[in-house]
Structure formats: structure tokens, C-alpha cells
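Take the given structure of chain G and dock chain A to it, following the hints.
In the order they appear, the protein sequences are chains G and A.
Residue 2 is where the first sequence starts when you use the working numbering, and the numbers rise one by one after that.
Residue 2 is where the second sequence starts when you use the working numbering, and the numbers rise one by one after that.
What the hints contain is simulated information worked out from the structure, not anything from laboratory work.
Errors might be hidden in some of the hints.
Because identical chains cannot be distinguished in the list, a pair is counted as satisfied if it fits within a single copy or across any two copies.
Simulated crosslink set (EDC-like; lysine to aspartate or glutamate; CA at most 16 Å straight-line) [what the hints assert, rightly or not]:
no., residue 1, residue 2
1, Lys3, Glu227
2, Lys92, Glu115
3, Lys67, Glu166
4, Lys3, Asp209
Nothing here was measured: the structure is a model prediction, and the numbers come from that model.
Number of protein chains: 2
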Amino acid sequence: MKKIINDVNLVEDQMIQGLVKAYPQQLRKLDCGNVVVRTEKKQGKVALISGGGSGHEPAHAGYVGKGMLDAAVAGAVFTSPTPEPIYEGIKEIATDAGVLMIIKNYTGDVMNFEMAGEMAQMDGINVKQVIVNDDVAVKDSLYTVGRRGVAGTVFVHKIAGAKAEQGASLDEVQAVAQKVIDNVRTMGMAIQPCTVPASGKPGFELTDQEMEVGIGIHGEPGTHREALRPADEIVDMLLDKILADLDYAGHEVAVMVNGSGATPLMELYIVNNHVNDVLTQKGIKIYKTLVGNYMTSIEMAGFSISLLRLDDEMKALLDAEADTPAFKA
Amino acid sequence: MKKIINDVNLVEDQMIQGLVKAYPQQLRKLDCGNVVVRTEKKQGKVALISGGGSGHEPAHAGYVGKGMLDAAVAGAVFTSPTPEPIYEGIKEIATDAGVLMIIKNYTGDVMNFEMAGEMAQMDGINVKQVIVNDDVAVKDSLYTVGRRGVAGTVFVHKIAGAKAEQGASLDEVQAVAQKVIDNVRTMGMAIQPCTVPASGKPGFELTDQEMEVGIGIHGEPGTHREALRPADEIVDMLLDKILADLDYAGHEVAVMVNGSGATPLMELYIVNNHVNDVLTQKGIKIYKTLVGNYMTSIEMAGFSISLLRLDDEMKALLDAEADTPAFKA
Chain G
2 MKKIINDVNL VEDQMIQGLV KAYPQQLRKL DCGNVVVRTE KKQGKVALIS
52 GGGSGHEPAH AGYVGKGMLD AAVAGAVFTS PTPEPIYEGI KEIATDAGVL
102 MIIKNYTGDV MNFEMAGEMA QMDGINVKQV IVNDDVAVKD SLYTVGRRGV
152 AGTVFVHKIA GAKAEQGASL DEVQAVAQKV IDNVRTMGMA IQPCTVPASG
202 KPGFELTDQE MEVGIGIHGE PGTHREALRP ADEIVDMLLD KILADLDYAG
252 HEVAVMVNGS GATPLMELYI VNNHVNDVLT QKGIKIYKTL VGNYMTSIEM
302 AGFSISLLRL DDEMKALLDA EADTPAFKA
Chain A
2 MKKIINDVNL VEDQMIQGLV KAYPQQLRKL DCGNVVVRTE KKQGKVALIS
52 GGGSGHEPAH AGYVGKGMLD AAVAGAVFTS PTPEPIYEGI KEIATDAGVL
102 MIIKNYTGDV MNFEMAGEMA QMDGINVKQV IVNDDVAVKD SLYTVGRRGV
152 AGTVFVHKIA GAKAEQGASL DEVQAVAQKV IDNVRTMGMA IQPCTVPASG
202 KPGFELTDQE MEVGIGIHGE PGTHREALRP ADEIVDMLLD KILADLDYAG
252 HEVAVMVNGS GATPLMELYI VNNHVNDVLT QKGIKIYKTL VGNYMTSIEM
302 AGFSISLLRL DDEMKALLDA EADTPAFKA
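Excised from the complex, chain G in its bound form:
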């Protein structure tokens, strides 16, 4: 294992410290575990909390700030945070307007967030939740009943965050978050595995000629493994699966070409070149494109494509102001 770290036991702590020190005007870390909150609490606004295992940086703490999240909770690498820090996060950000939990569909995350939500409700905090399950690759997986929640989560943060910032009620914010979930689909692939620091070994192995198609954001197996093909053919394969899952015809979409952590931007742009051509050819109008590292898997090399079917409300909320370390609009 070759990493620029100090100690496998300090990775999560030092990473969160380093993030908060980079953006002290916007971010503050709670004393109880790796919970990052906005420095300025906005009274009367629905508060948004998300999180999950570490290793997906900039998700989720990089999306804490104006127009997106109020708190993010980071567990150990690829491990769900326990209910306690989630509960502390909820208490810290809760307002009279209530709290929305945005949970990626992984068994541990769902269980621990729900437990934390129940603890907060016993304190009289109004807590609701949505569960993101945008990955079309596999139905059930290593860590999931049902579809996995992956890069599409960032669209949920952005759009629900903008709705909350406008003063919408908890029901309204939950409804628009659910609308994003209902309209976003993602699929990914990888050519190089990642290594959880505490394990010291790659989570899987690929030969120099192989790629894993439909891979999860923890390196979980996807649909199949095959010989690496040209970028355009990979894009065709992923888009076929996404477009077969939801009817995008005649809709405007937001596109996210998301890098897995070690993928050079050069390759992500090459991927987007063909994504754009294919969608244009199919008459699907692209309203906005995001290309970059939004939901990573440590130093995995690969990418995912997310397509969000838009309506006027989601378009306006996607364009609304956001000022977070990792997402500005």
C-alpha cells in the first residue's frame, strides 16, 4: 500500500481536520466524532444532514455550506457512522423547521441514520428522511438490499439544499429530494481498485486488460468483468443500461461524469465528449453538465455517469446559489 498518510488509524481524523482548517469560515467540526457542520446556523430553515463512510471525498463534508448540507457525518473508511455522532449532528443543526436526513442506500447507513433519527425524535426534533438508490447496475449487492446509493446523491444535496434555503417546509424539501431520487440514475465502472488504509490491500484485483462494469463506490462487484474497451464503447454500455431504466425521451437532463478518485480529468472529459454526442443524437437535451470528482472511492480509477431528468423546479434549484468547499453555483 502506497499512500500519503501518517497512520492508518488517524486517516479519518486528520482528513476531516485538514478539510475544516482549509475552510474555517464555512465549516466547524463537532467534538464528538467526525461531524462537520456549517459555522452559521440559519434559524427557521429546514436543516439537511447526510454522510456515510469516509473514502468518498469530497462527499459528504465538502458539500456542507450555503445552499446544500448543514451537517455531514463521516464514519471510518467505507464504514457507516454509528448512530451517536449522527444524533449529535442532528441535535446541533436542528431548527423548528425540522431536519431531513439524506441517506445513501446501504444497509448500515440506513440502519444507523434511522436509529439516530428516532433518538432525535424522542427529543422532540421533527426528523424525516429520503433514501437515495440511483445505481442501476445491480438490484441487491454486497452491502445493500435494493439498489445502491451513489453519485446521484450529490444532485439530491444540491436541489434539496436549495429548496431548504428558500424557506420551504420539511415536507416540501423531502418531496423535492424524493423527486430527484425518482429521476436520477447512475452507473459506473473501474479499471483500478482502491485500498482501505486499515486493510492495506486492494479491495479487488484486475488484470492489466480488465475492467469491472457496474462497480459500486466501495469496489463491490458490478454486473460483470470484461476486457477494457475504448472509452466510447464503455460509455455506450453504461448509457444503454441507464436509458433502459428510465424514459428520458423528450426530457432535459443534468449530466454528471464523476471520477472515482484517481481518474485524470483528461479521461473524464473524453468520456463526456461521447456522453454528450450520444444524448444529443437521441434528442435528449442537456441542461447542465458536471465533470469532476464528486463521489469518489479513495484512489479507485474509473468513473460513473449520472443522468437526472429535470423539470422547471429542479432546473431552478440546480442553478440556485451554492457555496460549499466542493460545489459552487
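Below, chain A alone, put in the same frame as chain G:
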């Protein structure tokens, strides 16, 4: 070589196409080579042009937009663009206020930009230039007489771009660009090489235990090679060299922790954690911190630290609005 591409001969073209298709409101590609310009030309404003070899994405085309560059010219990977496309770029963006060329100090870049500048001057365009040479690692290098120009270039784009946007004259924009150059120092390291697509082989080799210290952004040798050490010790080593080169005592600084392309954000945040501690301990006040992939080397794994000594003018210009694909403020 394992890459998500279609054809080694199409990498630069498809990458630039993919970038421009992602941001069509902001970017336009000229027909003559890989020259990217702003869609809206601002008359009366000093126009800024930069560029160099491809492989440093998002540099430089990702910095084209409001408050930064007016044009970026991309050569083949790690190869200077020829004078012709630079000249075409200058002609496209030139206004009565003149054009500033921001050149990284590499022999080929300096020669070709200067030739293009002379061609444009023969057309009556007022062209001036600055040469960025922020890398403290080595004095002369494989491709350079004098110091290399590396990640500090992004500060020059940002601050000179803001000055131009405010309506300053060509002399004033050149002066503030030179002030940034005089006050910024950078040093980097790597644990994993990168592969130029057309060559198909890594530019250098490192064992599982080795790192290259003081490496250039094309993988050129640095000061030395040694066993990989904990992140904090690497930071100490790089900061020692930077702080010995310029007197930062009592000044406010902007910090850039720049990833080389395949370095996970997790590691960059861990690096920043110690950079912040060391500077704070030395009484050097941090005004702003940037952590991310700003000037990469394809899929090299490693990072550089840049420190910019600030005054009130540079602080205001650093904070001024910027709206480009890769840098928003």
C-alpha cells in the same frame, strides 16, 4: 498502459471537445487547433492568454471564463503548443486594451509564446508577457533554464484575471501578475508516475517504497529520491525549502495544496492538516486555502504545496468574482 481513452492520437482533441461540450455557455473552441476562448468577448478589457502542453487538466482551459483567462492553448500532452494556434488565440481575444501572455517557464513554451506574441505585434496588437517560475525544487531542469513554472500559475491567472476584469491597463495587469510571481513559491513530490498516452510507458519508475521529491509537472527529476515517509514529514521537508526561499514571516499567505491527478482528496486534506499546523506555529497567517486538483500531471500521484505571500491588493483580487469551469469565487 491502462487508460479510459479511445485512441492515443485523439486524446487531446476529444478531451478539449468534451470540456467545451460540458460548458458551452462559457467556452468555445476555435477551428485552428486546441484553442479555447470565452464565448463572450469583453471589449476594452485586457485579454489574458495562457496554455502549454496538455496533461495538466483542468489547466489551462478550465480557467477560461469570467475573472480569469480569455483563452487557453493546449499542445499535445506535455508538449508546448506551436506558435500558430497561440497566435490565432491572441488574435481572437485581442482588444484595444491589449493582451497579456501568462507563460510557465519551460523552454518550448517561452519560445513559442514569444514567437506568437511577435507575430501578433506585427499585426498591431499590444502584447506583453509574464513568465511564471515558482518551483523552488531545482534551478535548471530537463526542460528549463531557471526555475520551472508550476501550480503557482493558477494564482497568476486568478489575480491578474480579476485585475483585468476591473478595467486595469495592460501595464497594471502585467505588474500585478509579476507581483504574484515574485511572491509565490511551490514544491512538489510524487509516489506514482504518469504515462503520456502516445508513449505508452510511465515517464519514470519508483519502487513501492520510494518517492521522488521536488518532481516537476511532467515527471522530471526533482532534488532527490528517498524512501516514502509519513505525510507530515514530507510536508515539513517541502515547507522548509519553500520558507527558506522567501521570507514569509509576518505576512498573510494563500495556500494551495495541489493534487497531481490521481491523489485522493483524502490525502490532500491530510497534507493540508499539517501545512496549516506548521504555518500557524510559525506565525504565518493563512488568508485562504485551496485544496484540490489545480495543475495536474495526468495520473501522477503526488502533490505540491504553493505559498503566495499576500498584500491587500492581491487579497482583494483573490476574492473577486471568478466563474470558470474549474475555479469559482
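Here's how the hints hold up against the structure:
no.: 1; hint: Lys3 with Glu227; result: between (27 Å within a copy, 14 Å between copies)
no.: 2; hint: Lys92 with Glu115; result: within (14 Å within a copy, 60 Å between copies)
no.: 3; hint: Lys67 with Glu166; result: within (8 Å within a copy, 26 Å between copies)
no.: 4; hint: Lys3 with Asp209; result: between (19 Å within a copy, 7 Å between copies)
The structure shown violates none of the earlier numbered hints.
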